[in-house]
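**Q** Spelled out, the chains give:
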Amino acid sequence: QKEVEQNSGPLSVPEGAIASLNCTYSDRGSQSFFWYRQYSGKSPELIMSIYSNGDKEDGRFTAQLNKASQYVSLLIRDSQPSDSATYLCAVIITSGTYKYIFGTGTRLKVLA
Amino acid sequence: EAGVTQFPSHSVIEKGQTVTLRCDPISGHDNLYWYRRVMGKEIKFLLHFVKESKQDESGMPNNRFLAERTGGTYSTLKVQPAELEDSGVYFCASSQIASVRGQYFGPGTRLTVT
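Residue numbers (my numbering), protein chains in the order written: chain F, 1346 to 1457; chain P, 9 to 122.
A portion of the hints provided could be inaccurate.
No more than 25 Å apart at the CA atoms, straight line, and that leaves these computed lysine-lysine pairs for DSS-like [as the list claims (entries may be wrong)]: (1) LYS1347/F - LYS49/P; (2) LYS1454/F - LYS1401/F; (3) LYS86/P - LYS1454/F; (4) LYS23/P - LYS49/P; (5) LYS23/P - LYS52/P; (6) LYS1347/F - LYS52/P; (7) LYS1401/F - LYS59/P; (8) LYS86/P - LYS49/P; (9) LYS86/P - LYS23/P; (10) LYS59/P - LYS23/P; (11) LYS52/P - LYS1387/F; (12) LYS86/P - LYS52/P; (13) LYS1412/F - LYS1454/F; (14) LYS23/P - LYS1454/F; (15) LYS86/P - LYS59/P; (16) LYS59/P - LYS49/P; (17) LYS1401/F - LYS1412/F; (18) LYS1454/F - LYS1387/F; (19) LYS59/P - LYS1412/F.
Far from chain P by the CB rule (all over 10 Å, computed), these chain F residues [said to hold, decoys possible]: (20) PRO1359; (21) SER1365; (22) PHE1379; (23) LEU1433; (24) THR1442; (25) ARG1452.
Hint data in this document are derived by calculation from the structure and do not stem from the laboratory. Bear in mind the structure is a predicted one, so any value in this text is a computation, not a measurement. C-beta atoms are modelled at their ideal positions from N, C-alpha and C, and glycine is treated no differently.
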C-alpha cells in the first residue's frame, strides 16, 4: 500500500462546476496535509494546507480533512480552464523530520 | 522576493558521466530539501538541510549521490557516475523554519541519462 494515494485521472469537469480531488494516506499519525498545483513543466505551487479535522476555505478552494478515515480532499468551486493542472497531495508523517510524502497527483481538466 | 531557483533547467548526459545540479533557496530560508520525480512515479524525498547540516538524508538512493550546502546558502547535488535510472526531474524546495508549514519549490532540473 502506498503511503499517499491519489487517483491519477484525468478528472474532467465542465467550466463552472465543482472539482473534487481526493487523497488517502496510510500513516494514522500524520499531522500536516498540503495541496500543490503543478502546471506542466512548472514548479509545484502551494495552494492549501490543513492540519485539523474539518473544512478550510480559501477563495474558490476548500480543503477537507478527516483523520478518522485518513483522507483529505480539495474542492475547487466555479472551476476555470486555468485550473487545469496536476494537483499533488503531500503529507508530513510523524517521523521527526519534515519531509513530504507525495501522492502521484491527479490531473484535472476543466472543459470550456 | 525571488523564488527558489535551480540550474540547469535541463541536462542530458551519458551514462557514467558526472552532473552537478544547483539550487538557490529563497533568501533567509535555512531549510532546503531535495526531491526527485522519476517518470510516472510520485515525487520522492531525497534529503533535508538545515543551514549547512544534513538533517535527514534517508531518501538518498545510494553513494553515487552527494549533496552539499557549504555556507548554508545554495546547495549542489552531484551524481557520479550517472546511471540510466537517475533520469528524472530533481526539485529543490525551501522553507524559513523546519516546521509543518509549506515548502516552496523550484522549477526543477530535468536530468536525462542516455
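**Q** Taking the hints in turn, state whether each one holds.
**A** Status of each hint after checking the structure:
1. Taking the CA atoms of LYS1347/F and LYS49/P, the gap is about 11 Å. The hint holds against a cut of 25 Å.
2. Straight-line distance between C-alpha atoms of LYS1454/F and LYS1401/F comes to about 23 Å, which keeps the hinted pair within the 25 Å bound.
3. Proposed proximity of LYS86/P and LYS1454/F is contradicted: the alpha carbons are some 37 Å apart, above 25 Å.
4. Between LYS23/P and LYS49/P the CA atoms are separated by roughly 21 Å; this keeps the pair inside 25 Å, and the hint holds.
5. About 22 Å separates the Cα atoms of LYS23/P and LYS52/P, which keeps this hinted pair within 25 Å; it holds.
6. The straight-line distance between the Cα atoms of LYS1347/F and LYS52/P is roughly 12 Å, inside the 25 Å bound, and the hint therefore holds.
7. Proximity of LYS1401/F to LYS59/P is assessed by CA-CA distance (about 32 Å); at most 25 Å being required, the pair is judged violated.
8. Restraint check for LYS86/P and LYS49/P: the C-alpha separation of about 22 Å stays at or below 25 Å, so the hint holds.
9. Annotation: proposed proximity of LYS86/P to LYS23/P holds, straight-line Cα distance about 14 Å (limit 25 Å).
10. Taken as a hint, the LYS59/P and LYS23/P pair is broken in the structure, with Cα atoms around 32 Å apart against an allowance of 25 Å.
11. At roughly 17 Å between alpha-carbon atoms, LYS52/P and LYS1387/F fall within 25 Å of each other, so this suggested pair holds.
12. Taken as a hint, the LYS86/P and LYS52/P pair is honoured in the structure, with Cα atoms around 17 Å apart against an allowance of 25 Å.
13. Restraint check: the Cα-Cα separation between LYS1412/F and LYS1454/F comes to about 28 Å, which exceeds 25 Å; the hinted pair is violated.
14. As the CA atoms of LYS23/P and LYS1454/F are separated by approximately 37 Å, the hinted pair breaks the 25 Å bound.
15. The suggested pairing of LYS86/P with LYS59/P holds, with an alpha-carbon distance near 18 Å, which does not exceed 25 Å.
16. Distance hint between LYS59/P and LYS49/P is unfulfilled; the C-alpha atoms sit about 29 Å from each other, more than 25 Å.
17. A C-alpha spacing of about 14 Å is found between LYS1401/F and LYS1412/F, which places the hinted pair at or below 25 Å, so the restraint holds.
18. Distance restraint check for LYS1454/F and LYS1387/F: the Cα-Cα separation of roughly 17 Å lies within the 25 Å cut-off, and the hinted pair is therefore satisfied.
19. For a cut-off of 25 Å, the pair hint linking LYS59/P to LYS1412/F is broken: about 33 Å separates their Cα positions.
20. Distance check on PRO1359/F: its Cβ is at least 28 Å (rounded) from any Cβ of chain P, clearing the 10 Å threshold; non-interface status holds.
21. No Cβ of chain P approaches the Cβ of SER1365/F within 10 Å, the least distance being about 20 Å, so the stated non-interface status holds.
22. Consistency note on PHE1379/F: stated as away from chain P, yet its beta-carbon is not over 10 Å from all of that chain's, at 6 Å minimum.
23. For LEU1433/F, the non-interface assignment is contradicted: its Cβ lies about 7 Å from the closest Cβ of chain P, within the 10 Å cut-off.
24. Once the 10 Å rule is applied to beta carbons, THR1442/F is inconsistent with being away from chain P; the minimum gap is 4 Å.
25. Against the 10 Å criterion, ARG1452/F stays outside the reach of chain P, whose nearest CB is about 13 Å from its own CB.
This entry does not satisfy hints 3, 7, 10, 13, 14, 16, 19, 22, 23, 24, going by the numbered hints stated previously.
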